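If you're matching them up, the sequences are chains A and B in order. Mapping to our numbering: the first sequence position 114 is 114, numbers consecutive. Mapping to our numbering: the second sequence position 37 is 1037, numbers consecutive.
To be clear, the hints were calculated from the coordinates, so they are not data collected in a lab. Note that the coordinates shown come from a computational prediction; the quantities given were computed from them, not determined experimentally. Treat the hints loosely; a few may be bogus.
As the list claims (entries may be wrong) - Residues from chain B that face chain A, not an exhaustive set, calculated with beta carbons under 7 Å:
{"id": "1", "residue": "Met1001"}
{"id": "2", "residue": "Ser1005"}
{"id": "3", "residue": "Leu1040"}
{"id": "4", "residue": "Gly1100"}
{"id": "5", "residue": "Asp1103"}
{"id": "6", "residue": "Pro1104"}
{"id": "7", "residue": "His1108"}
{"id": "8", "residue": "Arg1109"}
{"id": "9", "residue": "Val1154"}
{"id": "10", "residue": "Phe1157"}
{"id": "11", "residue": "Ala1160"}
{"id": "12", "residue": "Gln1186"}
{"id": "13", "residue": "Trp1192"}
{"id": "14", "residue": "Ala1230"}
Ideal Cβ positions, reconstructed from N, Cα and C, are used throughout, including at glycine.
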Amino acid sequence: MKRISMTVNGVRHEADVEPRTLLVHFIREQLELTGTNVGCDTSSCGACTILMNGQSVKSCTVLAVQADGADVATVEGLASNGDWHPVQKAFHENHGLQCGFCTPGMMMAAVGYLDENPAPTEDEVRLALEGNLCRCTGYHNIVKAVLAAADDMGS
Amino acid sequence: MIPASFDYERASSLDEALNMLAAGGEDARPLAGGHSLLPLMRLRLARPSLLVDIGGLDELRGVHADGDSVVIGALTTHHEVAGASELTGGSGLLAKVAEGIGDPQVRHRGTLGGSVAHADPASDLPAALLALDAEVTLAGRGGTRSVAAADFFVGPFMSAAADGEIVTGVRVPTREGWGSAYRKFQRRAQDWAIVGVAAVVNWTESGIAGAAIGLTNMGGTPLRAPGVEAALAGTSEKAQILAAASKVSELETPPADENASSEYRVHLAQVLIARAVAEAAGCPGMQPG
């Protein structure tokens, strides 16, 4: 077992983990933050996307020990004081989801990307979300939601 | 899927990492971003006994111009390579290739050194490094050495790196004034390339004065196409470039798999060479249809 510590959604956690524990399992099972989903389990679908030190990563392909000392953000940390994050609000208002399984990963990828590029074009949004798969194929409204969030955050 | 058990150590210096690897024996492996190694471990196709995490070694990170070449540290992520302003001229090929690896999340974690050390014949960077006459730098307990990319990739997932050695980076000639392009063909957006073509071209008023072609997934290692390169010299028109690209059929027969027969790979290579060369030359009139 290895002792690790990391900040998740602003809260510092310390824990003992087996080196082979994947970050997504640590987040879901030890921290009980189950908003982050495991989809394909092969670094393809992006359902497990979180932010690690501000960058979107697939938490199924990071060891928890590799995140020792990192600043992690999951979907649970988006809202503050009961107010939705603009990306959450935009997904709601634009119906940017159907079954909802890919949504936490989509939103985290979008939050990470909008931090990098606050005023993207539609094409740029589509490219930025290439690592996130929606099996309902609801991409159109997801892209609309991200563009709406960018407008909201820029105004 | 969870990897089989392994021991884990985080190194705080390159020397410490090399000592940890030596103590761990032949089944110890360095770990950088983990985006090649961890997927293999999760499928139990790789079962290292010890991972030495070199992810914190900042001395192995970054892109620096050094005279007429560019030095890229092994831990530089694909995302960082894609945005590196130091990669000008022909070396800009690496930024173009890095921009098309995986997806944004993968590019945030995957590293240049990890991709090089993994030596997957279907991955994009090795062919680009080969086309650029890059050198791979290695560190071992006995010291450091450089290996030409042409000698580094020796077979599928096999490189010239010895047990206990760590890839520390690459050195790439800048080739100011040269253009570059990378074209790959995939069945789906994030699939491995069925065939990829890296082209660096010196385009002058009288046509192509020099060209280097690196091929992805046309053999067990990335390949150069010397016949194509020779035939490209002096060409300036689309038909000539297509004819030069057809010389790719002179190479050893490429592998067949569920995605492509050998013949289809040769066809793809020819088409992609012509497109990549035209793009690298920056001559719109030469763009094949």
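Going through the hints against the structure:
Given hint, methionine 1001 (chain B) at the interface with chain A, holds; its Cβ is 6 Å from that chain's nearest Cβ, closer than 7 Å. Taking 7 Å as the C-beta contact cut-off toward chain A, the hint placing serine 1005 (chain B) at the interface holds, the least distance being around 6 Å. The criterion of a C-beta within 7 Å of any C-beta in chain A is not met by leucine 1040 (chain B), whose closest approach is roughly 11 Å, and the hint is violated. Among the interface hints, the one on glycine 1100 (chain B) is violated; its C-beta lies about 10 Å from the nearest C-beta in chain A, farther than the 7 Å criterion.
The beta carbon of aspartate 1103 (chain B) is positioned within 7 Å of a beta carbon in chain A (closest approach about 3 Å), and the interface hint is therefore held. For proline 1104 (chain B), the interface hint holds, the least distance from its beta-carbon to any beta-carbon of chain A being 6 Å, beneath 7 Å. Taking 7 Å as the C-beta contact cut-off toward chain A, the hint placing histidine 1108 (chain B) at the interface holds, the least distance being around 4 Å. Given hint, arginine 1109 (chain B) at the interface with chain A, holds; its Cβ is 5 Å from that chain's nearest Cβ, closer than 7 Å.
With its C-beta approaching chain A no nearer than about 27 Å, valine 1154 (chain B) sits outside the 7 Å limit, and its interface hint is violated. With a least beta-carbon distance of about 18 Å to chain A, the hint placing phenylalanine 1157 (chain B) at the interface is violated under the 7 Å criterion. Because the closest C-beta pair between alanine 1160 (chain B) and chain A is about 27 Å apart, greater than 7 Å, the hint is violated. Contact between glutamine 1186 (chain B) and chain A, as hinted, is not supported at the beta carbon level, the nearest pair being about 12 Å apart and thus beyond 7 Å.
The closest approach between the C-beta of tryptophan 1192 (chain B) and any C-beta of chain A is roughly 12 Å, which is over the 7 Å cut-off, so the hint fails. Hint on alanine 1230 (chain B) is violated. Least Cβ distance to chain A is approximately 37 Å, over the 7 Å limit.
Hint compliance for this structure: hints 3, 4, 9, 10, 11, 12, 13, 14 are broken, all remaining hints hold.
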